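Undergrad: Following the hints, complete the assembly by docking chain U onto the known chain B.
Protein chains in written order, with the numbering used here: chain B, 1 to 509; chain U, 1001 to 1467.
Certain hints may be false.
Computed cross-link-like contacts, BS3-like style, restricted to lysine-lysine with a CA-CA straight-line distance of at most 27 Å [said to hold, decoys possible]:
#1 B/Lys-396 / B/Lys-364
#2 U/Lys-1019 / B/Lys-364
#3 U/Lys-1012 / B/Lys-364
#4 B/Lys-437 / U/Lys-1031
#5 B/Lys-32 / U/Lys-1365
#6 B/Lys-263 / B/Lys-235
Not the full set, but computed from the structure, chain B residues with beta-carbon under 10 Å of chain U [said to hold, decoys possible]:
#7 Ala-28
#8 Asp-244
#9 Gln-248
#10 Gln-252
#11 His-298
#12 Asp-302
#13 Asp-397
#14 His-504
These are calculated hints, taken from the structure and not from any lab test. Quick caveat, the model's predicted, so the values are computed rather than measured. Backbone N, C-alpha and C fix where the C-beta goes; we use that ideal spot for every residue, glycine too.
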Amino acid sequence: MMDTSGTLTTLTLPTGVTIDPARIMRAAIFGKYVVLVNSPTRPLTVDSEGVVRVLCPRAPRTIITLSGPSAGGLSGTFLVKQSFRILDADGNVIAESPLGPVSPNVTISAKLLRVAGLDLSADTISGTRLYRTITNGSTYLPWIDLDGNTQTTIEDDLSDALLTTLAAPLLGEPPNDLTLVADYKARVWGVSATEIDTLRFTDASRMYAWPAAYGLIIGRPGSDARGVTGIIARKNELVAGRRDALFQIVGQVPSDFASVKIKDGIGIASADSIRVHRDVAYWLGEDGVYTWSDAGVHPISDGKVRSWFNTDTYFNRSRFRYAIGRIDPLLNKYQLLLSATGSSTLDRWVELDIDDQTWWGPHKTADFTPTWAASILDSNGVVVPVFGSSTGFLYKDQATRTDGTATGIDFDVDTKFHDMNSPAIEKHFSQLTLLSKIQGAGTLTITPKVGALNASAGTAISASMTAGRERLRRLGNGRFCQLNFRHTTAAQDVELYGYEVVWHELGER
Amino acid sequence: MPGRFTAYNVGKLGVSIDKTEIDRTDGELSKAQNAIRDPLGVDGGLRKRPGLTKVNASAAAGAIQGTAAIPLTKPTTRKIVAGRYVSDTDTGWNTTTDGFATSVTTGGPSDYAGSAEPRASDKVWTNLANASNRQYQFVGNAGVTYRNRFYYAGNDYTVGTTAPTIHVWDGTRDVLLARIPNNPDTGASQASAILNMIAANGSIYLTTYDGGSYAGNTVKARVFQLLPETGQLIQIGSRFPITPETARVPYNLIWWNGRLWARTYTGGVTATARTYVIRPGLDLDWTMDNLTGGGSRTTACLASFQGELYMGCLNGSGSAALIEKRNTTGTYSTSYTTLLNEGGSVPTMSDFGDYNGYGTMAVFKDNLYATYFNLNAAATNRYGRIYQYNGSSWSVVFYPAANAATAMPFVTSLIHNSTLYLLSAPAYNGSGTLINVILSTTDGATWSDVSSALDNSSCSALGVVTS
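Isolated chain B (complex conformation):
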């Protein structure tokens, strides 16, 4: 765990739980806890103190024994069940296991009801809760809380009248292999690796209670090997996606929850690409980036950079499922980590400028290999976008145009092929004038391509970044002219305001 000052603390995992380093960790924030799935071998919770607990203790396994050997004040026929509980320092319930097997009933008269053979949990728990019925009853009511995880016997003669009337809550163990998780309307929602077509959910306000009946089939079971590929939760709407369709969850309570297909042919390629910003969801589908807002589902890469996502020219499309999204709330951007063509690491990222819906990139860095993207809070509570790296570091933006301590940033921009609205006419492209922000140092390399659309690169031009305005050499003759701007020196900034080219027609040949 890293605090807001960047100091790392190694957390202690519950006994028997390990982390698969090859898997992405997925999380949902529920109250003051974070629910972690996918990379742990069991779903976990973490609190702000860094205490890691299992999301739900395993249920008691053994059948307990009832008897009435001691004099007391209780008479009747009773049944008892046991659960394991994890409490916080103030006694609030963090987790409670499902109830264990029912005991054979016992009939006593003016006795203390004794419970023996209580199961001891293999998990770290705070105590056991016993539920019993009233005489000849069938509803289990909270009876006794037993602290610790060492006692196997207890007796009590609390009367039926003094039992609370609130029955045992709905409980259930979460799937052990949850791969997806989301928080929506005071419930945790998730999909397991075993039941890939089923969206499971918890009882309200209890992240640990996953009743077996609380599940919705999403789409056609078995229709593909991926099942549910992502969960999107917005302010008042929840969508589960397969790779090729989107399903909205409707209803207010578990008894009327249902999944309704809202899009066919549009799905979710990567669960980790999903980010919600200002109540608009952004994610990567198999053919581009989509948004879902009150205005509906829309492709936002089509018409501009669709080629990034539906050709093999730019990115390794077989790794779209591993893409990771990030919102930069400072610059108001959605950024997406991807793998370059032929690459098996997340070595590129593109970004959508949400303000004007423009795309930028693909970006890269030579300083580290990104493995994750997210936002964290610094010590002042300010949101800081970060990248995770393969070397165990988080990286944040710095004003200095350097990656790490000394790695230059490869600024590499191609303009369009300018044709001066006369693509068929041969032209002379005269002197280039560049206007830029005056920097303290730096030289920009400008490489023109003048000729046809397949023109070769011409002789590079050096432009000073300290001048502000600089008139450069003539570019040459051709129907088109494209410019490449490149700058790689560390700790030097580049900001271009624009350029001018004087030209005249030579004629149509």
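TA: Below, chain U without anything else, positioned relative to chain B:
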């Protein structure tokens, strides 16, 4: 046809590769690697993206495969506070942010003006403890930490005249939260003191001393629930003593096995104590748990350990103090009987003095710790020990020489930042031979006196606040 082509929108249109070169707008880019539209004061410029720098100075173990922001940010500074009492005109707090390792500062809330201080021990001793300077363990636990706020019994009242107060200090601001209701026997006369406070079950529970004589078995007392958020006080069950008992009233409390338990005192240190239990909000009144079975000496501290209730008891002159326990089937038994000679290097005590016994217990890293103090009958030797119980056997893990500075009656414990702190009782009536000591341990084996910077007097209030 000559002309001048201008492109001053290169920082606005971004990458566009879905259209043909001819169809594209001037300013649209074919590639914008590491280039961005930077809207922060330079809108319109095509700029190199910001650099990237490490957040964490040391590497995590392996690749970063996910992050999750934990919503409750861990406070960057938590301050341990220990109540301070030298005299009625010299009170306040000792505070530290590093576990008393290097420095202690005195002071208190920003608006501290003499009113925001923990109640002085003499408010308990003078009126309750039979005026015996042996009764150090009866100073009570006058404060508790609940969600990074310190709730404590205030000193801003006059015994018998004005009502005892409860304050909350969040590290910066001190607020008078509640006042104990009048003693119902006399109407206008006030309760005398808050004895013990515990935080449990999402609430704070406390015992009060309403008046009467400890030795004469005429003490009256109540138990209250304090709702920390609102300051509402709710009396729990009837006022003590409860029929058929005529004398015994609760001193300390514990939340154990889903119920609130109270252990009684009064009648002298050798009087048989009782245990009462209630489920706040469900039961109408307290139930006596051990009327027919068990029962033992006056108890100064309680602990829940491995599912059983442990009671640290006191005893009279010549008799060994016991640690008793109640198991889950209601059987009371002795878990440990103090020995004059514990063997090994533990100093042998000359004899058991009056009120020798256990002042506080704490469960720390899977062991139970109990502090023991004995001032021998001749009042010539002070002995202090810390016992450890691992669930199967008791051992002595701290044993200073007789009359050593750390041979003190420790009466308050605090676990903070994986460290157990023990605070000793202050000197009786602000005078006497005792000095204030804070011990700490991170492993239960090595104990450190971290009180060198303290100013020689404190109340039994130890907590943590955020600031």
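Undergrad: For every hint, state whether the structure bears it out.
TA: Tested hints:
Between B/Lys-396 and B/Lys-364, the direct Cα distance comes to roughly 14 Å. Compliance with the 27 Å bound is thereby established for this hinted pair. A hinted pair counts as satisfied when its Cα atoms are at most 27 Å apart, and U/Lys-1019 with B/Lys-364 qualifies at roughly 24 Å. Distance restraint check for U/Lys-1012 and B/Lys-364: the Cα-Cα separation of roughly 21 Å lies within the 27 Å cut-off, and the hinted pair is therefore satisfied. This hinted pair checks out: B/Lys-437 and U/Lys-1031 have alpha carbons roughly 21 Å apart, not beyond 27 Å.
Distance hint between B/Lys-32 and U/Lys-1365 is fulfilled; the C-alpha atoms sit about 24 Å from each other, no more than 27 Å. Taking the CA atoms of B/Lys-263 and B/Lys-235, the gap is near 19 Å; set against the 27 Å cutoff, the hint holds. Of the supplied interface hints, the one on B/Ala-28 holds, with its beta-carbon coming within about 8 Å of a beta-carbon of chain U, less than 10 Å. At its closest, the beta carbon of B/Asp-244 sits 22 Å from a beta carbon of chain U; the interface hint therefore is violated under the 10 Å criterion.
At about 26 Å, the closest approach between the beta carbon of B/Gln-248 and any beta carbon in chain U exceeds 10 Å, and the interface hint on this residue is violated. At its closest, the beta carbon of B/Gln-252 sits 26 Å from a beta carbon of chain U; the interface hint therefore is violated under the 10 Å criterion. Checking B/His-298 against chain U by beta carbon gives a least distance of about 16 Å; that is not within 10 Å, so the hint is violated. Against a cut-off of 10 Å between C-beta atoms, the interface hint on B/Asp-302 holds, since the closest Cβ of chain U lies about 7 Å away.
The closest approach between the C-beta of B/Asp-397 and any C-beta of chain U is roughly 4 Å, which is under the 10 Å cut-off, so the hint is satisfied. With 10 Å as the threshold, the beta carbon of B/His-504 comes within range of chain U, its nearest partner Cβ sitting at about 4 Å, so the hint holds.
Checked against the numbered hints listed earlier, the structure breaks hints 8, 9, 10, 11; every other hint is satisfied.
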